[in-house]
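J.: If you want the building blocks of each chain, they are given just below.
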Amino acid sequence: MSTPPEQATATTRPDPLTPVLTRRWLSPRSWSLSTYEQLEGYSSLRTAFDAHPDQLIQLIKDSGLRGRGGAGFPTGMKWGFIPQDDGSGKGPGAKPKYLVINADEGEPGTCKDIPTMMADPHSLIEGCIVTSYAIRANFCAIYVRGEAVHCIRRLRAAVAEAKARGYLGRDILGTGFDLEIVVHAGAGAYICGEETALLDSLEGRRGQPRLKPPFPATSGLYASPTVVNNVETIASVPAIVTGGSAWFRSMGREKSPGPKIYSVSGHVERPGQYEAPLGITLRELLELAGGMKDGVPLKFWTPGGSSTPLFTAEHLDVPLDFEGAAEAGSMLGTTAVQVFNETVSVPWAVMKWTEFYKHESCGKCTPCREGTYWLVQILERMVHGEGTASDVETMLDVCDNILGRSFCALGDGATSPITSAIKYFRQEFLDLVAEQPAVQRPDQLADAERAQQTIDTELTGASA
Amino acid sequence: MTLSPDKTETPVPEGHVRLTIDGREIDAPKGEILIRTCERLGIIVPRFCDHPLLDPAGACRQCLVEVEMGGRPMPKPQASCTMTVADGMVVKTQHTSEVADKAQQGVMELLLINHPLDCPICDKGGECPLQNQAMSNGRADSRFVETKRTFPKPLPISSQVLLDRERCVLCQRCTRFSEEIAGDPFIDLLERGADQQIGIAENAPFQSYFSGNTIQICPVGALTSAAYRFRSRPFDLRSTPSTCEHCSSGCATRVDSRRGTTLRRLAGNDPSVNEEWLCDKGRFAFRYLQSAERITRPMVRGADGVLVEASWTDALAAAAEGLLAARDNGGIGVLPGGRLTVEDAYAYAKFARIAGRTNDIDFRARPHSAEELEFLAAHVVGTHPDDGGASFLGLEDAPAVLTVGIDPEEESGIVFLRLRKAWRKKGLRHFQLGQWTTDGARKTGATVLHAVPGAEAAVLDAAGAESSAGGTSIGTDLVGALSTPGAVILVGDRAAESPGLYSAVSALAARTGATVGWVPRRAGDRGAVEAGALPTLLPGGWAVTDPKGRTEVERAWGVGPGELPEVPGRDATAILEAAANGTLGGLVVGGVDPNDMADPQAALIALCEVGFLVSLEIRTSAVTELADVVLPVAPDAQRSGSYVNWEGRRREFGVALDASGVLPDCRVLDTLGVEMDHDLFTQTPAAAWGELERIGSRRPGAPAPRFAAGETARPGFGQAVLATSRQLVDDATLAEDEPALAGTARRAYARVNAATAERLGLTEGQDAVVRSDRGALSLPVALSDLPDGVVWLPTCSPGSHVRPTLGVGHGDLVGVSPAGSNGGAA
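Which chain is which? The protein sequence lines are X and P, in order.
Numbers 1 to 464, taken from our numbering, label the letters of the first sequence in order.
Numbers 465 to 1290, taken from our numbering, label the letters of the second sequence in order.
Treat each hint with caution, since some may be false.
For the chain X half of the interface with chain P, some residues (derived, Cβ under 10 angstroms), not all of them [to be verified]:
hint : residue
1    : Leu211
2    : Ser361
3    : Arg381
4    : Val392
5    : Asn401
Calculated from the structure, these hints are not laboratory results.
Built from N, CA and C at the ideal position, the CB exists for glycine as well.
Chain X on its own, in the form it takes in the complex:
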């Protein structure tokens, strides 16, 4: 593996291949409690329970752990927002506190939480116990994407196992601390990955984002103080408790410390989960994944799922941490690295993503609901060879009317693939409407044109 020059000088960095989050994944029956315990599982609990909850919050603050769900909010700070009982018996501090795990992994390309819960469910449960103790919650809900049935089963079995062993339930390990964990199956809506929509869904309501403020920290689940964290975030917690904040900070970069699971998919030789310290580059990840499939050159890629503006081959050395991705004009997102080679049509890929956002828009706000409805039709029309010269500008303007105007980040995310694709591949869009394209039309478009025969009648039949 070739090492970029700036990393060669960073002597304190551990070997990127020393796994933390994934270290048990290859052990036999890694999901079982016995394997977990043999591999130092639940060993952080003693340390955690010996500490005051506030010390744990401080530890996580010191570690610099940032949310792994995409936004990268400092986890310790989030915990610190939870109002604690001041003895007055009034205010939000007097209410019960809740921990909710966002396991509604649905971002296109993202597949890190479900493998984590499949291979190592107890690491999440252990993290939940420590976190609940820190924020003084006695109830924790894990909201798992409904389609992930195996995962839900495995998680439930793990919760039952942990409870039978006394890690959950009443008076955990004789400390007097109580915790119940409920594994809740979502109903298959991408929007429920948005934390307030998740809370509404968990309460049995229609999953649509809530107005903020109030924020979940003061008025979350059942209008009580609630921490909502991603699976990977919480699964990182036991290691921090055991290893300490300095150890955690020895991985990754100054503002984005720690290990991260990168889900590499697409046109690479060995797609899969690659754990690496934050700040690894695509060039390094591609080497870990065996390079581009069949040697076909890279065309474009997403650093963190389809909601993050895409990158091209010129971004191979962008450090993939929160700052690095942002400085290069994208976002770290969920570190779902989707890799596309030169055979892929950018407009086609963008159309597929936009179809996803149109399908998953919750409908609450106008820009996202109507904007994605419009954009998908423009893209489908373009891909079917019926685009017009003004379509690109119209799409950019519609995106401008969605970005920052919608109720939640779903609308913003829907514009990312379009605006970034036009930024880097404008000519390819224009070529779609040109008679003699400068770029050869890829296979996907030929397929699409064949499919057009059937769609044609519908379109002309009900045209506006």
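Since the structure of chain X is already known, use the hints to place chain P on it.
T.: Just chain P now, kept in the frame of chain X:
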């Protein structure tokens, strides 16, 4: 350097913040929503989901503005309908910010891509916020050339509300209204994304007494009224502010008419009464104006016993002749009814005293009692919201409210909405004395004090006793809550059916210091009290037995000293008894339905037997059928006048429809008086009101009623104690010819608790027969939390006309048995 050295900084008032909007500084109360602050400056930010009476949603994103906080511009434009003001905030609306303007135009374009271009056939066209704001904040042409989303339409979501999903902009005003304001979440969002739509559950129509409000607040033409759809264009309508005639809330309305016909009614905006809401009865029940049963010409019964049309001259002469004879032959009784304006009630009151020389006048066309008369004199007459009386605003701020003899949702919908608002927003504690946890009680978070019919007074007395004894109980809790300053006791006129209840309320109010509000069911009741249409009260709150009062009224009326009768008159029941046995010579009857009286059969016999009967009516009725002279009078829409609502607030209204040839009661009575050689000076409502105003209004300072609690009937084998009250949408006369409204009526059930059902052999969902010695009726059984041995029936609903069919009332024993059996003694 100071540019304006003499400019002095005014301090920001306490509890306010200072912000700048479009370059203008303004102080706003903390917590105010930005869009409201803009409104106060006259800056209208376009909006759809925002409604000042609904919780903020931020869904439509039409109201985006640029905001700068602490000198730093916020990265995205902000929804001004969800953002609260802050000190030092700098706001730029579409008038000063290109970003805000573009954001608004962008959202408008997005809203329009799926909106059909059917404005020319849309009910909303011409009064449509989408249309108007598309003109003011949208672009002239669309760039959208793709396929529009289509839906089959319209979709009836109830018999009176139709949904056009293509027009809907999904602002969720309707769903939020139903959930927040009415508490009837039978309408909700379905599906998601571009397929998202408003809808109802399968086989569960949008069942709400307030559903019409969603039509009015819909900012597009998505919700339309089955009764009004395609009837008119807004610009063809003639709009008149008016007052609703259906209940004692006195809601502000707007009557929209075209070619002399009322086509629709909308809620007016009166923050101190109905805010911007109206119940469906008030909104939809107005077709009685066009009823085939309307009377427009006077009628006189000829020698052959047949009523024939006559000229006003002949009819008035016949009426005067008959009444003069009757006056000499036992006297005249006057039954004005409870649906009169205060001016008309005053004319009746004066007619009785001057032309009839009697105090035999009683507006109460319903079960009533002597106790009620004392209660009205002690607690009701002369009270006013400005004078510490109970009021809508008082209810909203009340820490606790006890409702007695009234189920507000069924009998005074706007009182219910205000109670619900107070409960939701301000932590009101609502106690309801009744038989079961009604929907309205549930939706106002009421603690129900269950009472066997007739034992209501005993329950209140017991609460007082429990409180004195200490300890914890509902009674102690109630007395404690009512003792908090601002607490209110609302009494409905059904309290008259439970002996001792008015006295118990009076005692509880005295003990706790709670304000008493009397909420009768009919619009005219309170005004009739003020106008003296009672056997014991003269206009202006004077007691008939008070010499000073009589002198005052005599002076105002210009009659000689001692001319006013000083003996209290008979109440309506006694008047009818006297008419039946011939001791009373004649009756003058206004809008009275004998079926509303405690004993309809006795009332009808009295009307048959009385020597001479004059009826003033708008339509044919049981009274006009029996009358010797029928004098047509004007309905509200064709006259001016005012109601006094339950608060004591005067609610004026003007002529809405062409009124040529129709006369209000006060004018008819004035002319009749002249024919009888007495001047009433009530030619016009304005004249009548002017005179009543000169007499003034006072609280008579009458002693509180002290009637003992009544005995509770003990049901024997196959028997139950009857509880009965009316439902909002039922077989009311004024709701006739409104099939769409009737379609939303709640189904009539015979309600019992599970134990009673078992004892009586009843099965939920199957019919029960309720019988008395006079008749029987059959209704499906529903189980509710009533006391043991009690059956509740709606008083006047389809299949359940309790008084005319059974001749019994609240607190009487009835036989109850499953349908098809012969069991049940009466």
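J.: Take the hints in turn and mark each one as holding or not.
T.: Hints, one by one, checked against the model:
The criterion of a C-beta within 10 angstroms of any C-beta in chain P is met by X:Leu211, whose closest approach is roughly 5 angstroms, and the hint holds. About 4 angstroms separates the beta-carbon of X:Ser361 from the nearest beta-carbon of chain P, less than 10 angstroms, and the hint is met. Here the hint on X:Arg381 is kept, as its CB sits about 7 angstroms from the closest CB of chain P, short of 10 angstroms. Interface hint at X:Val392: violated, since its Cβ lies 13 angstroms from the closest Cβ of chain P, which is beyond the 10 angstroms cut-off.
Residue-level restraint check for X:Asn401 holds (minimum Cβ-Cβ distance to chain P is 3 angstroms; threshold 10 angstroms).
Checked against the numbered hints above, the structure breaks only hint 4 and satisfies the rest.
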